[in-house]
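With chain F fixed as given, assemble chain B onto it according to the hints.
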Amino acid sequence: MDIRLENVKYTYSPGTPFAYQALQGVSLHIPHGRYVAIIGHTGSGKSTLIQLLNGLLLPTEGTMQVGEFTLPPKKKKGMEKLRQQVGLAFQYPEYQLFEETVRKDVAFGLINMGLPPEMIPGRVDAALRLVGLDPDKYGDKSPFMLSGGQMRRVALAGVLVMNPQVLILDEPTAGLDPAGHHAILDMIARVHREEERTTILVTHSMEDAARYADYLYVMNEGRIWMEGTPHQVFQDPVKIRQAGLELPEITRFIFEFNERVRISGSKIAPLPFDIFDAGMLTNELARRFRRKEGSRG
Amino acid sequence: MVVVSKAIIRLADVSFSYEGAEERALQGVSFTVEKGEFLSIIGHNGSGKSTLAKLLNGLLLPSEGKIEVNGIPTADDAHIWEVRKVVGMVFQNPDNQFVAPTVEDDIAFGMENIGVPPVDMEARIQDALEQVNMTGFRTAEPNRLSGGQKQRVAIAGALAIQPAVLVLDEATAMLDPRGRKEVLEVVQRMNREAGMTVIQITHYLEETLDSDRIIVMDGGRLVGEGTPESVYQQVDWLRRLGLDVPFACDLQYRLQQKGFRFSTLKMTGEGVLDSLWTSD
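These protein sequence lines are chains F and B, in that order.
Residue -12 is where the first sequence starts when you use my numbering, and the numbers rise one by one after that.
Residue 12 is where the second sequence starts when you use my numbering, and the numbers rise one by one after that.
No lab work stands behind these hints, which were simulated from the structure alone.
The beta-carbon is built from N, C-alpha and C at its ideal position, and this holds for glycine as well.
Please note that a few of the clues may not be correct.
Said to hold, decoys possible - Restraint ranges, calculated between C-beta atoms of paired labels, are given here:
1. 267(B) to 223(F): 31 to 37 Å
2. 91(F) to 125(B): 43 to 49 Å
3. 5(F) to 274(B): 55 to 61 Å
4. 155(B) to 129(F): 32 to 38 Å
What the hints assert, rightly or not - With a Cα cut of at most 25 Å, we get these calculated DSS-like pairs of lysine-lysine:
5. 96(B) to 65(B)
6. 269(B) to 254(F)
7. 226(F) to 192(B)
8. 62(F) to -4(F)
9. -4(F) to 68(F)
10. -4(F) to 226(F)
What the hints assert, rightly or not - Covered stretches of chain B (in silico footprint by chain F; criterion: 3 or more residues with CB under 8 Å from a CB of chain F, positions within the stretch not fixed):
11. 152 to 165
12. 188 to 194
Same shape as in the complex, but just chain F:
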């Protein structure tokens, strides 16, 4: 389902001394099936934006179209449908686990939406498999006996089981160690490839945004500050820094590398800016410096 926002504004506590305009006119179009990342410092409007996308908040001004839903809606009815189609996994989603068993926890949303009971176990087990948990091994365990990374997978299964068309993940790897971090993001990338849906990743990590997403939105002061492919966005370090962000380390390295090439007047070819993988960077460097050695010998 396509997502379109037209000049959407959002103000918290309007008409009170605490009124705060978190979104100052956001327009964007996310075509179905894209993997997008939203980046921006705390308070830039990211969380407000994703809560608007699944109808938890409604625009104060402007309109938005999320699939067949127009927001703000003419009547409140039907909003739970939107929330089924736009799955939102909050930060630290495992804090919301509460059932006695993993299967019961994942089934919770399905039971709530009134799915016939005989259809539930199959969907639950499929969702667990999708997030890389063997249902027979983990299904009847208490979610609280699992590791942090596994609990996070259970919580994500609870969102995926609803089969949302849009999956929004707010910092899905916060607090995980490096191995768990990569495992979760690789899993999300696989699910994105396997299932026909839009994935929206909210992240503080420029590295993850660059590596996993096709398209980036940089938020700053309640606005879309920049947008484009990672390659396009990270070519403008000045604008990135104005948004209170940094370039991915690998991009910073490429900038410094090219600067040295320029200053030294060396014949080494500058590095392209669309490298976001250390292995690729290594190959490019090896090629350049081997050539140099060869010319000497």
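Same frame as chain F, now just chain B:
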């Protein structure tokens, strides 16, 4: 010859089990922390890092072994507040650390706990907020601050106790890059200028690069320690432990496998560039 010890914290063969748990969360951990040291502790989730942090100021007590802070055993009930005066803690979740309606009240609360005379509080609040660049927020409500601001207030609360040691238990995990930088800069300055001992537990390897020492935890045991240069040289070993290495170290490791040689491990991209440009 008299050996003058600079150790401020000493762990001797410390083990810890949570109630009802089959496995020990910590197993025979021994090390000392020197006064003025900047120590980082890394390890995967469940490696025992956070348990270790809570043991350092007596929030948890060792099941076996002994921890001394300034020579006082943390298990000594009568002197636990002495221990907590020496070791300040800042935890991961900025939202779980506030008890009072305003920033200044919150900082005062911690001081009341250790019996700071009310006449001294004003100056200490002012001083602590200055250290973390938050003087403009004295009367603000903690829950209206950004994550980085909250954590800086939490640090100010710890600083007002005037601890000799500050323990940060993944204190930057929930912050954005800017918030992380703010917090790291504050503690690095406190370490450099005020000689405060800092023990930080973190998943962000970049935050460990300027440490005097890194301790690596796995399965509740201390499995390695050394300078950042020596620890991050062991790329395969760290990966087997579910850890990673900083970008510059990863890049050098990969280049080494392609036949590049580096005389020393560089911790920054600039360092790698220097090596590339100066080597043959």
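Each hint, compared with the structure:
Evaluation of the 31 to 37 Å hint for residue 267(B) and residue 223(F) yields a pass: the beta carbon distance comes to about 33 Å. The beta-carbon spacing between residue 91(F) and residue 125(B), approximately 45 Å, falls within the hinted interval of 43 to 49 Å. The hint said 55 to 61 Å for the Cβ distance between residue 5(F) and residue 274(B), and at roughly 58 Å that hint holds. For residue 155(B) and residue 129(F), the hinted distance range of 32 to 38 Å is satisfied, since their beta carbons lie about 37 Å from each other.
As the CA atoms of residue 96(B) and residue 65(B) are separated by approximately 15 Å, the hinted pair is consistent with the 25 Å bound. Between residue 269(B) and residue 254(F), the direct Cα distance comes to roughly 22 Å. Compliance with the 25 Å bound is thereby established for this hinted pair. The straight-line distance between the Cα atoms of residue 226(F) and residue 192(B) is roughly 19 Å, inside the 25 Å bound, and the hint therefore holds. A hinted pair counts as satisfied when its Cα atoms are at most 25 Å apart, and residue 62(F) with residue -4(F) qualifies at roughly 20 Å.
At roughly 23 Å between alpha-carbon atoms, residue -4(F) and residue 68(F) fall within 25 Å of each other, so this suggested pair holds. Taking the CA atoms of residue -4(F) and residue 226(F), the gap is near 23 Å; set against the 25 Å cutoff, the hint holds. Here the region 152 to 165 of chain B counts 3 residues with a CB under 8 Å from a CB of chain F, which clears the bar of 3, and the coverage holds. For the region 188 to 194 of chain B, the assignment as covered by chain F holds, since 3 residues bring a beta-carbon within under 8 Å of that chain's beta-carbons and 3 suffice.
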